[in-house]
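Enquirer: What follows is each chain in one-letter form.
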Amino acid sequence: MFLEKEEEKILDGEYGEVMEKCMKILVKLGDIYGADKLIDIKSVHSPGASYRVSGDAGLNFVEEVSKKAEFKCFTTLNTGGMDLENWKEHNIPEYFAEKQLRLTRAYEKMGAISCHTCTPYFIGNLPLENEDIAWGESSAICFANSVLKARTNREGGPSALAAGVIGKVPNYGYHRDENRKGDFLFKINTEVKTVREFGALGYYVGKIVGRKVPVFEKLRNTNLDNLKALSAALASSGAVSLFLMKKEESLERIEVDKKDLKEVYEKFGDKGKPDIICIGCPHSSILEIKEIASILKGKKLDAECYILTSKPIKSLSDRMKYTEIIEKAGGKIVCDTCPILTAKESMNYDLLYTNSAKLAHYAPGVCDIDVSLLELKDCLVVK
Amino acid sequence: MILKGRCIVEGYAEGTALVTKDPISFMGGVDPKTGKIIERGNEIEGKCIKDKILVFPSAKGSTGGSYMLYECVRNKVGPKAIINLEAESIVVIGAIVSNLPMIDKIDINLIKTGDFLKVNATKGEVIL
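Read top to bottom, the protein sequences are chains A and B. Just so you know, the working numbering puts 234 at position 234 of the first sequence, and the rest follows in order with no gaps. To convert, take the position in the second sequence, counting from 1, and add 1000; that gives the working numbering.
No wet-lab data here; the hints were simulated from the structure. The structure displayed is predicted, hence computed values, not measured ones. Glycine residues also receive a C-beta, built at the ideal position from the N, C-alpha and C atoms. Please note that a few of the clues may not be correct.
For lysine to any residue, the following SDA-like pairs were computed, each having C-alpha atoms within a straight-line distance of at most 20 Å [said to hold, decoys possible]:
1. Lys1105/B with Lys271/A
2. Lys207/A with Ser1058/B
3. Lys271/A with Arg1040/B
4. Lys344/A with Leu84/A
5. Lys1033/B with Leu59/A
6. Lys1004/B with Ser346/A
7. Lys1021/B with Gly210/A
8. Lys1033/B with Asn60/A
9. Lys383/A with Ile276/A
10. Lys344/A with Ile1038/B
11. Lys1076/B with Leu59/A
12. Lys88/A with Lys271/A
13. Lys1033/B with Lys207/A
14. Lys344/A with Tyr33/A
Computed Cβ-Cβ distance ranges for the label pairs, DEER-style [to be verified]:
15. Thr1034/B with Gly330/A: 31 to 39 Å
16. Lys1047/B with Lys290/A: 44 to 52 Å
17. Gly298/A with Gly1041/B: 39 to 47 Å
18. Leu101/A with Lys1033/B: 19 to 27 Å
Which residues of chain B face chain A? A few of them, derived with a C-beta cut under 8 Å, are [stated by the list, open to error]:
19. Ile1008
20. Arg1074
21. Glu1088
22. Lys1123
Given these sequences and hints, build the entire structure.
Expert: What follows is the structure, encoded as structure tokens:
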């Protein structure tokens, strides 16, 4: 890979060990994947922002980098391990909280906006078409490439960090036109219109295509929430970073019928009465919270219920009194975190209801819990 | 038999193979404290990756997987080496920071769980 003089100097350690280490990660990736050069990036969305994910190994790595370097571009943080303000209400052990706060502070010190969320596009990290970015969080990557038409590869914690402090990424993969083409055409023969249905579609397709690029013909009922659910599910059962929405006749055609989505619903079927309900994987938009509030107005929930979102969206919800309605019904709005990334000790339940295929996929393994994937109104069981 | 592939991260390791035809996510798919596969329905669910030569087609899922692999290695429950059909960036990044020998472009159908392997990642070779 070609390096400019300044980049060579960083690699040779002239700007210190930390910068050298970061540059080495980028150069190594560039060499493996055949990049021709490094290119400037407009933003970073950093994964590995929960102590549950970073562990001590990641925490030490981030702290070490934070002592010597700063982010060169706009950087937001992925979902963390706890609500940064109200963690004491959620059975988060002290040791976990202490390490999460250390991790968040290290990122803050480097200039990251410390609003932990998996939907950075709802809080102003909103790249434009064709902008090169370095994003982690599998759902956000898929959303950024496919819906926003920005350009990112699947960055892990160390590479997003390295890209942020250098301000560049190696030019390979989804940064290049030739890799942003469809591989399979999916014709959808059944109506999909809700978050649960778009999630099931993504889950089914992701498993088939793995790392390839699916193209959806005549995808109806698209909106930000449905496309967020589709992106998240495609990147859970598979490693999809990009999907396209157009007609492309030349590709191998795969039909998706009602029975195919039924397969997903059956995998995560109704298993009885829940003891926890979680909505907001990826983090809820204000419209989703509005809908939840309209369902719960004047009702009482029959299980613990957590609505997951980012701090700015919760502020809007507070102002609109949605939070008050949800709390009166017995629910809670939690910021910065999610069931998968929070401390294991705080997730001691038997059966989870959710409308998110992504959460349904990860929760059984991570939280040792059963899951039912249901429509939003069916998740919100009331007395 | 010598299988030729591509070096991802240099190094040498030998040990027994643990093979799955299913893609792996180190975040949510592997317990970083025990090294056990916890993804429900994965072909090797319940098996432990500790000190194995871990053989799988490619990575999938969460981008948290890079740090989770690093954490597995730091906790001494990581694999000795990784062999993939196609290296996906999340595991590659984890292997780079962990200094874990890794090779891809290997026909993993030729390897079975329990096979003894010598992995010369620097040369991009697996000796079966």
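Enquirer: Hint by hint, note whether the structure agrees.
Expert: For each hint, the structure was consulted:
| no. | hint | in the structure |
| --- | --- | --- |
| 1 | Lys1105/B with Lys271/A | violated (42 Å) |
| 2 | Lys207/A with Ser1058/B | holds (13 Å) |
| 3 | Lys271/A with Arg1040/B | holds (16 Å) |
| 4 | Lys344/A with Leu84/A | holds (16 Å) |
| 5 | Lys1033/B with Leu59/A | holds (16 Å) |
| 6 | Lys1004/B with Ser346/A | violated (47 Å) |
| 7 | Lys1021/B with Gly210/A | holds (12 Å) |
| 8 | Lys1033/B with Asn60/A | holds (17 Å) |
| 9 | Lys383/A with Ile276/A | holds (14 Å) |
| 10 | Lys344/A with Ile1038/B | holds (14 Å) |
| 11 | Lys1076/B with Leu59/A | holds (17 Å) |
| 12 | Lys88/A with Lys271/A | violated (31 Å) |
| 13 | Lys1033/B with Lys207/A | violated (27 Å) |
| 14 | Lys344/A with Tyr33/A | violated (36 Å) |
| 15 | Thr1034/B with Gly330/A: 31 to 39 Å | holds (36 Å) |
| 16 | Lys1047/B with Lys290/A: 44 to 52 Å | holds (45 Å) |
| 17 | Gly298/A with Gly1041/B: 39 to 47 Å | holds (41 Å) |
| 18 | Leu101/A with Lys1033/B: 19 to 27 Å | holds (22 Å) |
| 19 | Ile1008 | holds (6 Å) |
| 20 | Arg1074 | holds (4 Å) |
| 21 | Glu1088 | holds (6 Å) |
| 22 | Lys1123 | violated (16 Å) |
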